[in-house]
Amino acid sequence: MKPGNIIEVNGLKKAYKTSKRDPGLINAIKALFKRQYMEKEALKGITFSVKKGEILGLIGPNGAGKSTTIKALSGVLFPTSGTVEVLGYTPWEEREDYVQHIGVVFGQKPQLVWDLPAMDSFEMHKEVYNIPPREYATRLKRMIRLLSLEEVVKKPVRDLSLGERMKCKLVASLLHNPDLVFLDEPSIGLDVIAKNIMRDFIIETNKHNRTTFIITTHDMQEIERLCKRVIIINHGGIVYDGPLHGIKQQFQSFKVVDVKMETERNTFSKKGCTVLEKRPYELRIQIDTKKTTIKEVINLLIKRYDVADINVSDPPIEEIIELVFRQ
Amino acid sequence: MTSLKRYWRFWMKNLSLELQTEMMYKANLFFKMVSFIIADIISPLVALLIYTTTPGIPGWTFEQFILFQGSFILIFGLAHLFFTGFPAKVIEAVRDGSFDKYLVKPIRPLVQLTLSSWDIEGVAEVMTGLALVTWSMLKVGVAPPSLLLYAALIALGCLFIYSMLVIIASMAFLVVKSWALYDIMFKLSDFGRYPLTIYEGGLRFFLTFVFPIGVVAFYPADALVQGMLANALFKVVLPVGTVFCAALLLWRQAMRKYTSAGG
Amino acid sequence: MRRQQASGWRKGLAVTKLGFKESLAYKFHYFVSLFGVPVNVLIYYFLWKAIFTYSGQDVINGYTLQEMVTYYVIVMLVGFITYSQVDEWIEYEVVHGHMVNAMMKPLSYFKWHLYNTLGMNSLGIIIQIIPVMLVGLALGLKAPSPGNLPLLIIAITIAAALYHLLTYLTGLAAFWLLRIRGLRRSRRVIVAFLSGSMLPLTFFPAGMQKVFSFLPFTFMRFTPVQIYMGKVAAAEAVLGLCIGLAWVLALYLVTRWVWERAFKKFSGAGI
Chain A
2 MKPGNIIEVN GLKKAYKTSK RDPGLINAIK ALFKRQYMEK EALKGITFSV KKGEILGLIG
62 PNGAGKSTTI KALSGVLFPT SGTVEVLGYT PWEEREDYVQ HIGVVFGQKP QLVWDLPAMD
122 SFEMHKEVYN IPPREYATRL KRMIRLLSLE EVVKKPVRDL SLGERMKCKL VASLLHNPDL
182 VFLDEPSIGL DVIAKNIMRD FIIETNKHNR TTFIITTHDM QEIERLCKRV IIINHGGIVY
242 DGPLHGIKQQ FQSFKVVDVK METERNTFSK KGCTVLEKRP YELRIQIDTK KTTIKEVINL
302 LIKRYDVADI NVSDPPIEEI IELVFRQ
Chain B
4 MTSLKRYWRF WMKNLSLELQ TEMMYKANLF FKMVSFIIAD IISPLVALLI YTTTPGIPGW
64 TFEQFILFQG SFILIFGLAH LFFTGFPAKV IEAVRDGSFD KYLVKPIRPL VQLTLSSWDI
124 EGVAEVMTGL ALVTWSMLKV GVAPPSLLLY AALIALGCLF IYSMLVIIAS MAFLVVKSWA
184 LYDIMFKLSD FGRYPLTIYE GGLRFFLTFV FPIGVVAFYP ADALVQGMLA NALFKVVLPV
244 GTVFCAALLL WRQAMRKYTS AGG
Chain C
5 MRRQQASGWR KGLAVTKLGF KESLAYKFHY FVSLFGVPVN VLIYYFLWKA IFTYSGQDVI
65 NGYTLQEMVT YYVIVMLVGF ITYSQVDEWI EYEVVHGHMV NAMMKPLSYF KWHLYNTLGM
125 NSLGIIIQII PVMLVGLALG LKAPSPGNLP LLIIAITIAA ALYHLLTYLT GLAAFWLLRI
185 RGLRRSRRVI VAFLSGSMLP LTFFPAGMQK VFSFLPFTFM RFTPVQIYMG KVAAAEAVLG
245 LCIGLAWVLA LYLVTRWVWE RAFKKFSGAG I
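First to last, the sequence lines map onto chains A, B and C.
So the first sequence is residues 2 to 328, counted in the working numbering.
So the second sequence is residues 4 to 266, counted in the working numbering.
So the third sequence is residues 5 to 275, counted in the working numbering.
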């Protein structure tokens, strides 16, 4: 392993064999005798590495191979071929030793004892991970303070809000001070305030303990704020690996122009331009910079219309990512 | 050794969590305990009615039969207290796709599941079973040394039930609606509520060799009555050990399938 | 007035249909529960066969071995027909905070659960009745004499009403206790024992039998089975059914009384 690296993935491939059948009782009975199998390649041989202390965003549409990657990296799944080395372990081969060093948060699945205060789940964690009492106490105290959970951890988990529950899950995943933490959709269903607190906490933990985070999410804002680097997975392959702003340079061939006019006009047509929105005195136009230039469009606008204000901007990151997914 | 100590502490921690959870619904806990005591007292009551109106079950005096029923209740009570709940956890986790949570913790999944399946209502059954067994032993008259062998046979009975549950839990990864097997197993175990000797022909063979629930309580009680404990122990150890190993192998196979298919 | 009545029935029918459709989701459950039928019948068959052989008698307490088996099969059949798990539904609604939904229904809470249970049971009866009869026939089950049929139908209706009312009452306890798994189980076991599901009531001491004939449990299982088997004289049966009917009325009144308090509890605490 290269110095400084915590994860090295090489040619990771995973093919599922799934039995398929058409719905209905008759087909169910048929399937009993003759099963039809379908081979599905979830990962087509991906290669990447992660440095210690990175916060990596893993994005991609549903079914693209994100969760298969996370599962292979956390030792829950063994792949068809390829190698994975994390912290010097092959995760699925030495799983029980390996998971001692990682933390996992499943955004949509319960991980805490439902009827009891989160504090009891933390105590359980202490036994499961064999955490020395003093370390446990200081770490827990610090995290509770950072997330202002003083009262929250005393209430039964079932009475907590979604955000409070997620914060507690995050605390649980960090109690044994893992080197690597997987956050699977951590912000799903949370409000802006809770998201911000979680984000600050993750950044703080990353700085304080040099904890490496791998985050999967559909929330681009979150990625933008947390991750310096993202990996985009689609159709089982990596389509992009690099800094977030690099996506814009690589994929973005669009600009958005907002025009305000003195007189009422609501049509505009030019090669390479599409009108996204129109109001009596306003137009929003998308420009494909491969087909035309911004200069040409602006010139045309000023010549033809009674322009009061003009504003050129990049499309929001969501739209670019969507474009990448569609390719 | 250190891992044994850790398992022990994990087990005890789970016990305290179970107690705390049950304490949140005290009335329910009370009624649950009472209901189990009532349910378990009723079968000796039925036996009493049978023995007062008929000559009874061939080969068993009333006291002996109570010893038998007490043994059955004791074995299932212990299983209930310690681990009966765990296949249901597996089935549920597989269904809602959250089984991974057991895999990302540094204790073997089967150990985790087994040690976190306390069910405190089993205490009521254990107490009822013990009361029945003690009463009948005093009536029948039992030499203290045979108590140890009897205890060993009870433990083997529990191990057999545990093996069955491991098999059911493994099936959760292999077939859908595996809870049906759980229901069926508990239904079949009702056969064990009466001595094996009443059954005839194929059914007796089935309950002895195919699904040996018939011998779970039969051997301890029968051997105690006949004074043939060592003999019974000798007969039972190997089959139970084999079933247990087979169950563990099946579980391993199921884990392998799960980690290669990814749920 | 009349129109309102009719629409009430129509609503009831709609809820029954809904219950039936809901139960389709559990059809696999019913198939699995069928598995228990041969198990129970076999256990009792072999148990009593051993006892009869051992005793050397052909008749014990007025039953031959054949009749004994018939008894258990019919008990099971009556059990399937009169089945109700309304207590489990009520507990679920209370614990999971679904009471508000239940209150929105255009029928009273009692009626809604009654019709729903009717609907849910229909499938169970359809699936279970034939296999139970087959097992029974294989063991020499006798058909009831046609003359007893009207009485039998009345007896089973009373049994179903009593069983449902008692189960409903158990369920209402959830308003105070929240989780009632233990209470539900207690109710089930006590009913099974005192209604004669485990042993014909004639096996109990004479004094207790006297007491039993005035308790509601008798009419939940024992009375219908006795009528089926032609073991009671018509006059005696009619008298028994009158007591059963009185119990239906009494339990219904208790139910209303408890419901009023449960409703107050609900609207006060907002469960």
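Be aware that a few hints might be false.
[What the hints assert, rightly or not] Cross-link-like lysine-lysine pairs, in silico, DSS-like; alpha carbons within 25 Å at most:
1) A/K110 to B/K108
2) C/K53 to B/K190
3) B/K108 to A/K127
4) A/K229 to A/K271
[As the list claims (entries may be wrong)] Some chain B residues well away from chain A (every beta-carbon gap over 12 Å; in silico):
5) L20
6) F65
7) F102
8) V107
9) I110
10) V114
11) L251
What the hints contain is simulated information worked out from the structure, not anything from laboratory work.
Beta carbons are placed, not taken as given, at the ideal position from N, Cα and C, and that holds for glycine.
Checked hints:
no.: 1; hint: A/K110 to B/K108; verdict: 15 Å, holds
no.: 2; hint: C/K53 to B/K190; verdict: 21 Å, holds
no.: 3; hint: B/K108 to A/K127; verdict: 12 Å, holds
no.: 4; hint: A/K229 to A/K271; verdict: 37 Å, violated
no.: 5; hint: L20; verdict: 6 Å, violated
no.: 6; hint: F65; verdict: 44 Å, holds
no.: 7; hint: F102; verdict: 9 Å, violated
no.: 8; hint: V107; verdict: 4 Å, violated
no.: 9; hint: I110; verdict: 6 Å, violated
no.: 10; hint: V114; verdict: 10 Å, violated
no.: 11; hint: L251; verdict: 16 Å, holds
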